[in-house]
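Chains D, W and B are the protein sequences, given in the same order. For the first sequence, UniProt numbering gives the first residue as 1, with consecutive numbering after it. For the second sequence, UniProt numbering gives the first residue as 1, with consecutive numbering after it. For the third sequence, UniProt numbering gives the first residue as 1, with consecutive numbering after it.
Note that these hints are calculated values from the structure, not bench results. Where hints are given, some of them may not hold.
Since copy identity is lost for identical chains, a pair holds within one copy or between any two.
[To be verified] As a list, the in silico SDA-like pairs of lysine to any residue whose alpha-carbon atoms are at most 20 angstroms apart: (1) Lys80 x Lys217; (2) Lys179 x Leu118; (3) Lys80 x Asn65; (4) Lys36 x His246; (5) Lys80 x Asp156; (6) Lys164 x Tyr133.
Predicted model, so just to flag it, every value in this text is computed and none were measured.
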Amino acid sequence: MFEAKLAQSSLLKKVLDALREIVEDANLDCSSDGIKCQAMDSSHVALVSFDLSSDGFEPYRCDRNITLGLKLATMTRVLKCAGNDDSITLRSQDNTDTLTVLFESPNQDKTSQFEVKLMDIDTEHLGIPESEYSAVVQLPSGEFQRICRDLSQFGDSLVIACTKDGVEFSGSGEIGSAKISLRQHSMVDKEDEQVTVELNQPVTLTFSTRYLVSFSKATPLSSSVTLSLKAETPLVVEYRISDVGHLRYYLAPKIGDDEETEHIDDCS
Amino acid sequence: MFEAKLAQSSLLKKVLDALREIVEDANLDCSSDGIKCQAMDSSHVALVSFDLSSDGFEPYRCDRNITLGLKLATMTRVLKCAGNDDSITLRSQDNTDTLTVLFESPNQDKTSQFEVKLMDIDTEHLGIPESEYSAVVQLPSGEFQRICRDLSQFGDSLVIACTKDGVEFSGSGEIGSAKISLRQHSMVDKEDEQVTVELNQPVTLTFSTRYLVSFSKATPLSSSVTLSLKAETPLVVEYRISDVGHLRYYLAPKIGDDEETEHIDDCS
Amino acid sequence: MFEAKLAQSSLLKKVLDALREIVEDANLDCSSDGIKCQAMDSSHVALVSFDLSSDGFEPYRCDRNITLGLKLATMTRVLKCAGNDDSITLRSQDNTDTLTVLFESPNQDKTSQFEVKLMDIDTEHLGIPESEYSAVVQLPSGEFQRICRDLSQFGDSLVIACTKDGVEFSGSGEIGSAKISLRQHSMVDKEDEQVTVELNQPVTLTFSTRYLVSFSKATPLSSSVTLSLKAETPLVVEYRISDVGHLRYYLAPKIGDDEETEHIDDCS
Numbered sequence: 001m002f003e004a005k006l007a008q009s010s011l012l013k014k015v016l017d018a019l020r021e022i023v024e025d026a027n028l029d030c031s032s033d034g035i036k037c038q039a040m041d042s043s044h045v046a047l048v049s050f051d052l053s054s055d056g057f058e059p060y061r062c063d064r065n066i067t068l069g070l071k072l073a074t075m076t077r078v079l080k081c082a083g084n085d086d087s088i089t090l091r092s093q094d095n096t097d098t099l100t101v102l103f104e105s106p107n108q109d110k111t112s113q114f115e116v117k118l119m120d121i122d123t124e125h126l127g128i129p130e131s132e133y134s135a136v137v138q139l140p141s142g143e144f145q146r147i148c149r150d151l152s153q154f155g156d157s158l159v160i161a162c163t164k165d166g167v168e169f170s171g172s173g174e175i176g177s178a179k180i181s182l183r184q185h186s187m188v189d190k191e192d193e194q195v196t197v198e199l200n201q202p203v204t205l206t207f208s209t210r211y212l213v214s215f216s217k218a219t220p221l222s223s224s225v226t227l228s229l230k231a232e233t234p235l236v237v238e239y240r241i242s243d244v245g246h247l248r249y250y251l252a253p254k255i256g257d258d259e260e261t262e263h264i265d266d267c268s
Numbered sequence: 001m002f003e004a005k006l007a008q009s010s011l012l013k014k015v016l017d018a019l020r021e022i023v024e025d026a027n028l029d030c031s032s033d034g035i036k037c038q039a040m041d042s043s044h045v046a047l048v049s050f051d052l053s054s055d056g057f058e059p060y061r062c063d064r065n066i067t068l069g070l071k072l073a074t075m076t077r078v079l080k081c082a083g084n085d086d087s088i089t090l091r092s093q094d095n096t097d098t099l100t101v102l103f104e105s106p107n108q109d110k111t112s113q114f115e116v117k118l119m120d121i122d123t124e125h126l127g128i129p130e131s132e133y134s135a136v137v138q139l140p141s142g143e144f145q146r147i148c149r150d151l152s153q154f155g156d157s158l159v160i161a162c163t164k165d166g167v168e169f170s171g172s173g174e175i176g177s178a179k180i181s182l183r184q185h186s187m188v189d190k191e192d193e194q195v196t197v198e199l200n201q202p203v204t205l206t207f208s209t210r211y212l213v214s215f216s217k218a219t220p221l222s223s224s225v226t227l228s229l230k231a232e233t234p235l236v237v238e239y240r241i242s243d244v245g246h247l248r249y250y251l252a253p254k255i256g257d258d259e260e261t262e263h264i265d266d267c268s
Numbered sequence: 001m002f003e004a005k006l007a008q009s010s011l012l013k014k015v016l017d018a019l020r021e022i023v024e025d026a027n028l029d030c031s032s033d034g035i036k037c038q039a040m041d042s043s044h045v046a047l048v049s050f051d052l053s054s055d056g057f058e059p060y061r062c063d064r065n066i067t068l069g070l071k072l073a074t075m076t077r078v079l080k081c082a083g084n085d086d087s088i089t090l091r092s093q094d095n096t097d098t099l100t101v102l103f104e105s106p107n108q109d110k111t112s113q114f115e116v117k118l119m120d121i122d123t124e125h126l127g128i129p130e131s132e133y134s135a136v137v138q139l140p141s142g143e144f145q146r147i148c149r150d151l152s153q154f155g156d157s158l159v160i161a162c163t164k165d166g167v168e169f170s171g172s173g174e175i176g177s178a179k180i181s182l183r184q185h186s187m188v189d190k191e192d193e194q195v196t197v198e199l200n201q202p203v204t205l206t207f208s209t210r211y212l213v214s215f216s217k218a219t220p221l222s223s224s225v226t227l228s229l230k231a232e233t234p235l236v237v238e239y240r241i242s243d244v245g246h247l248r249y250y251l252a253p254k255i256g257d258d259e260e261t262e263h264i265d266d267c268s
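Please build the complete structure, drawing on both the sequences and the hints.
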């Protein structure tokens with residue numbers, strides 16, 4: 001028996017929406033620790049993973065490890081039926097191939113219950129080695145999304161350059177070139193609006209703009225985002241999920257001017 | 001000579017928008033009592049009617065009964081030209097085939113006058129027998145719209161089940177099944193948000209989801225909606241139009257699992 | 001060397017958006033006086049011009065007259081990358097074919113710099129003779145846009161009639177006819193909402209609705225608009241650009257019922 005209740009159904013909606021930017025189906029691995037997920041996009045260029053601690057759920061019960069294979073389009077349709085302040089409960093009996101999703105309004109006057117079929121999804125799990133990064137940049141997630149979207153008009157590649165002064169995003173295409181610079185600045189009172197760069201050494205890397213645009217759509221998850229960069233190592237784009245865990249995207253840098261992004265399973 | 005002035009043009013816009021969900025053309029029957037209308041959708045499955053009392057208009061003058069045959073698409077275009085707080089006057093001379101529509105801004109500084117052609121529309125008038133219903137459910141109209149829209153993702157049929165505890169809407173389709181329950185609750189201070197069930201006997205009926213979704217688009221007309229149910233009798237979905245009258249949709253229940261909705265003229 | 005900085009980048013965006021309603025490319029003529037532009041639509045029926053005084057920029061530097069040939073679609077894409085409160089600096093070195101566009105956030109923490117290619121655009125400059133108009137109407141720009149949009153549903157032609165009492169806009173098409181009247185009224189406290197008519201003699205002229213709808217999209221530039229009318233003379237639709245200058249559209253009246261709008265270069 002697996003049962004997990006989250007006070008805000010909207011949070012799970014945001015997590016699954018973020019997954020859906022990269023994959024169509026995903027396995028949720030449920031254990032007594034919580035719910036984990038890792039999935040690779042079909043071209044093996046990008047990886048997404050999330051980790052939701054059992055502490056974030058109340059109650060949380062997972063008698064034995066189970067894997068919930070979800071068609072994300074279906075889950076999106078179900079989650080659209082939740083009210084803004086509804087709680088969500090996921091429930092699955094052992095040895096069934098269905099998932100029960102239950103929404104309850106705060107005053108308990110409305111309940112919505114859904115039964116969806118689970119899927120068998122083949123996945124390979126990729127070990128992601130710990131890395132010491134050359135630069136770790138934190139910036140407002142809305143700013144990151146805006147920059148990715150703006151630069152998507154200027155070519156397929158987006159260059160991120162980190163120095164001690166700040167971070168610079170640039171692109172160049174048919175209509176011209178663009179360079180957006182953010183200066184490092186900390187504000188004591190508005191932590192979410194600050195831009196910080198922890199720098200071991202200056203680093204300049206090139207990425208596929210298209211993927212960064214997709215990643216940045218996870219903005220509703222968190223007011224800030226962290227980019228971790230190192231040469232020949234996948235970029236990590238991390239969104240903290242308050243009190244519950246985090247969601248991370250990984251993307252290998254482009255090498256050379258005309259080359260494609262490396263497969264993430266080759267470079268990690 | 002027919003002349004009727006309504007302080008809020010937006011009200012007539014909402015009524016005609018609600019009509020338009022079911023029919024393209026409609027006859028407005030004007031008498032000294034007020035304006036009535038009844039129209040059946042082209043497949044003879046659903047019926048819509050409204051009744052606006054002459055008391056709601058000021059002035060209201062109808063020297064002899066006339067029928068205004070309206071092309072609703074044209075009326076929608078005309079009514080879009082009204083300002084939010086404009087009054088509306090409908091005027092038609094005897095023996096003409098045009099309707100004059102006049103909008104006046106509250107301060108009288110702007111007036112907009114339109115002349116539209118009237119149509120000859122063939123209609124049959126259906127007598128709707130009074131019925132004592134098994135259950136009469138009142139719920140917030142926005143909630144009803146939400147439920148219809150949510151369940152439209154789960155199959156073509158929507159089951160409404162009324163018990164003394166409340167009302168349950170359910171559906172089932174390719175992606176899974178869904179069941180939304182509203183518990184009866186009255187709030188003295190927020191009458192529009194309450195859910196009440198007047199029950200003579202429990203009743204469970206199945207309807208075409210598509211029609212209910214159309215009906216529920218009349219939500220702007222009223223903050224609450226009333227559903228009246230009885231076996232082998234058309235469902236009545238009623239929106240009160242404050243101080244002026246009401247608008248009602250009728251829809252025959254489906255019989256058997258795979259059957260089509262009955263023609264409303266057969267079952268009434 | 002040309003350099004011009006405007007505190008509000010949004011103002012230039014609105015000016016170029018207004019140009020784009022009529023033309024795809026435009027030459028900006030820069031001199032020590034400021035930036036001027038004149039452009040004719042491809043069918044030679046409408047003309048747009050604007051005049052931004054050097055006083056509106058700080059700093060403004062123009063060592064020698066230059067012409068910046070802009071592809072407006074490109075400029076729109078670049079200007080979309082500006083933040084709401086960003087300043088904009090246009091910069092071009094002598095003897096280059098690129099324009100540098102620089103956005104700076106109020107706190108200087110974010111800068112975005114773009115390089116776009118300039119174009120060679122063939123244009124003829126049309127001398128617009130001063131005219132004494134029969135009527136000059138001032139009305140809220142939003143009201144003018146609303147009226148043009150509303151009447152676009154009633155035929156291809158829009159008649160503007162000015163009398164001492166006010167101004168009347170009318171149209172007539174397949175679905176019926178429409179007449180919108182604005183009464184002259186001045187409000188001391190809300191100058192932008194007033195409707196005034198300076199009348200030398202009553203005048204009634206017919207214009208292509210389509211062009212008026214395009215012109216009226218410049219509404220964001222100013223809260224009021226001025227229409228100057230005279231028989232056999234192009235209509236002038238003018239938007240003041242606060243402290244900086246103005247933008248004007250010119251459109252020749254239609255002559256006769258079925259005739260096309262005259263070419264503006266014939267009638268001026």
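Hint compliance check: list the failing hint numbers for this structure, sorted ascending.
3
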